[in-house]
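**Student:** Chain by chain, the residues:
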Amino acid sequence: MPDGAVPVLDVKGLKTVFRTRGGEIHAVNSVSFDLRPGELLGVVGESGSGKSVTMMSLIGLLPMPPADVRGGTVMFDGLDLLNCSEQQLRAVRGARIGFIFQDPMTSLNPVFTVGFQLMEPLRKHMRLGKKAARVRAKELLELVGIPDAARRLDDYPHQFSGGMRQRVMIAIALACDPKVLIADEPTTALDVTIQAQILELVKELRQKLGMAIVWITHDLGVIAGIADRVIVMYGGQIVEQAPARELFSNPRHPYTRALLKTVPSVRGERMPKLNVIEGQPPILRAEPSACAFRGRCAHAMARCAQENPLRRIVGPGHDVACFWEPLDQEWQDG
Amino acid sequence: MLDRAERGHRKLVEIKGLKMYFPITAGIFRSKVGDVKAVDDVSFDIYEGETLGLVGESGCGKSTCGRVILRLYDPTDGSIRIDGVELSDADSGTLRKLRPTMQMVFQDPQASLNPRMTVAAIIGEPLDEHSRLSKAEKLDRIYELMDAVGLNRNFANRYPHEFSGGQRQRIGIARALALNPKFIVCDEPIAALDVSIQAQVVNLLEDLQDRLGLTYLFISHDLSMVRHIADRVAVMYLGRIVELAPRDALYDRPMHPYTQALLSAVPEPDPEIETERKRIILTGDVPSPANPPKGCNFCTRCPKVMEICHNVNPPFRELEPGRFAACHLYEDTDTTAGKTAAQEELTSIQQGV
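In order, the protein sequences belong to chains A and B.
For the first sequence, the UniProt record's numbering assigns the number 1 to the initial residue and increments by one for each residue that follows.
For the second sequence, the UniProt record's numbering assigns the number 1 to the initial residue and increments by one for each residue that follows.
Heads up, some of the hints might be wrong.
Heads up, simulated EDC-like pairs for lysine to aspartate or glutamate below, C-alpha to C-alpha not over 20 angstroms straight-line [unchecked claim]: (1) A:203 - B:272; (2) A:261 - B:272; (3) A:273 - B:207; (4) A:273 - B:206; (5) B:16 - B:108.
What the simulated footprint calls covered on chain B by chain A, stretch by stretch (three residues with Cβ under 8 angstroms from a Cβ of chain A suffice, anywhere in the stretch; the number is not a length) [unchecked claim]: (6) 130 to 143; (7) 187 to 196; (8) 214 to 225; (9) 265 to 276.
Just so you know, the hints here were simulated from the structure itself, not pulled from any lab data.
Glycine included, C-beta positions come from ideal geometry on N, C-alpha and C.
Starting from the given sequences, assemble the full structure and let the hints guide the process.
**Tutor:** Pasting the structure below:
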């Protein structure tokens, strides 16, 4: 990946707040990252860490209210998506930025045929006629590996299996040749053997089509297999960012380290006891004034409770939001 | 740590030829037109004090299997013996007396706890039903259980919605423990939890097993977690058990092609391994259990499929001491002999790094 390339998506200082009856929830706090052409950026975090909300806010998919995007800029194609009209956003969503959601059952409309749903973006965004759209829709289904594509266009979502439905979702997201594809836990609802099929498909499509992908997941194994670069989120903030190999071989944030250690493996050595991150993730009632992880952190210091650590650079393309200076030996030995 | 399987060699649970068919009906008279063979001729034993992992993909019948063992469903055929008592045809009175010894922890702690009951009422309900404790004794027992699962006693009068997912699962576990059961079916107890919370709950289940000598049937689709918690593992596919083996043997040297594919599909949190590794990618989807293929259930997706697989269902037999599999690849294997050539080849593919 050329480091100097102009990012296709450049997010700076994104803040999203939810107004609820119990007060405000600060779901995304000053999140900044960029996405370079053709790269696959993995976003890892537990539920509630703000990974989905970040991606939904930047293309205006959150219902407002209760959501409120308070600040930041999202530059895409020379356009600040946060200051766009709804009309401008519509031209971006589904056309230049594709989206794949977690659950293929609920994100496809059960009363329309798969063909209709595939042709919709083609007709709206690309202004294709009925016949041309149908031809393209068939090509798309073939591209994602659905056998007998021409006939399956007239089937309804319930006639497809889970893995096939996710393939349809991918086909819809790819319909207008997007520059950026945002995939929100696209394999979480699938079985491992089907997940393996989808991961293979995505790798193959990347080579063919060359779009940049943001892949949201909580599964570190999935990330290890496909990502070029990884962002780790905790408590609505990015706590670590690094190239994939670097993140797994030299994690710097205590949370990343703990996360990597809690996951048991199907190969390699079997731990007699699982490592645990004690405690619960934070509830983000206010803008963070201290480190969100300090209550569960083995290396918490007095300073962690006084100020929120800023991201600092620790290596090429590697930054971490933590005051603690880890000894490199420690991770390799442990 | 002592291997839990070595503690007891008494069979606590014995399942033989268990079948659970759900009828498919059609027409205004709801006449039966077929069966969904959710569990189709399954046999295994669970030894006292051990954890048997039951893995498989969604729809393979693993949850149904767990439920029918506890007689939450009436089995179509076969025998279920728990602690020497036959359950498959027991009447409701007999079953009720046996209920305290066998309990269940459910997948979704949100759905399995009554939102209108306090934690104390939820944990205490089995005590109301099955014991004659005084109010004070009951409260003592509830507090004891809350301590055991790591819940703060002060929260006894709170409602489930006030707890996080991991804590809710602890409530479910405390309820299952209330009557001092011997055998607990854990049906995907960690599937709905976050990674960092999963480890907490799994460690809790292991601690409780060590302290109370519990026997678990641990149903899960998470192969890495099952490798951690189980002593022996059974792999299910489309209503049948295709392989059953001690944990290490199964993970190091899977024999059935389905087990091999399943293990190879699990992504590893290490980019070095991930980019090098050759995966066995299964094509297609799991067939419908209402219309399973003729012969071996796996024949439509098996990378090693042979002529015979399309015609004859392979018997589930012991290939090595303690290792069972249902596959024609090992037909010529003498049950006591070591590795065959075919098996060696498969092993090298599986490890194919």
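**Student:** The structure should be examined with respect to each hint, and the outcome stated for every one.
**Tutor:** Taking the hints in turn, this is what the structure says about them:
1. A:203 - B:272: The given pair, whose Cα atoms are some 16 angstroms apart, holds under the 20 angstroms limit.
2. A:261 - B:272: Holds - the C-alpha atoms of residue 272 (chain B) and residue 261 (chain A) are around 17 angstroms apart, at most 20 angstroms.
3. A:273 - B:207: 10 angstroms, holds
4. A:273 - B:206: 9 angstroms, holds
5. B:16 - B:108: Given that 20 angstroms is the threshold and the Cα spacing comes to 29 angstroms, the pair is violated.
6. 130 to 143: violated (count 0)
7. 187 to 196: It holds, with 3 qualifying residues against the three required.
8. 214 to 225: Coverage by chain A holds for the segment 214 to 225 of chain B (4 residues, Cβ < 8 angstroms).
9. 265 to 276: holds (count 11)
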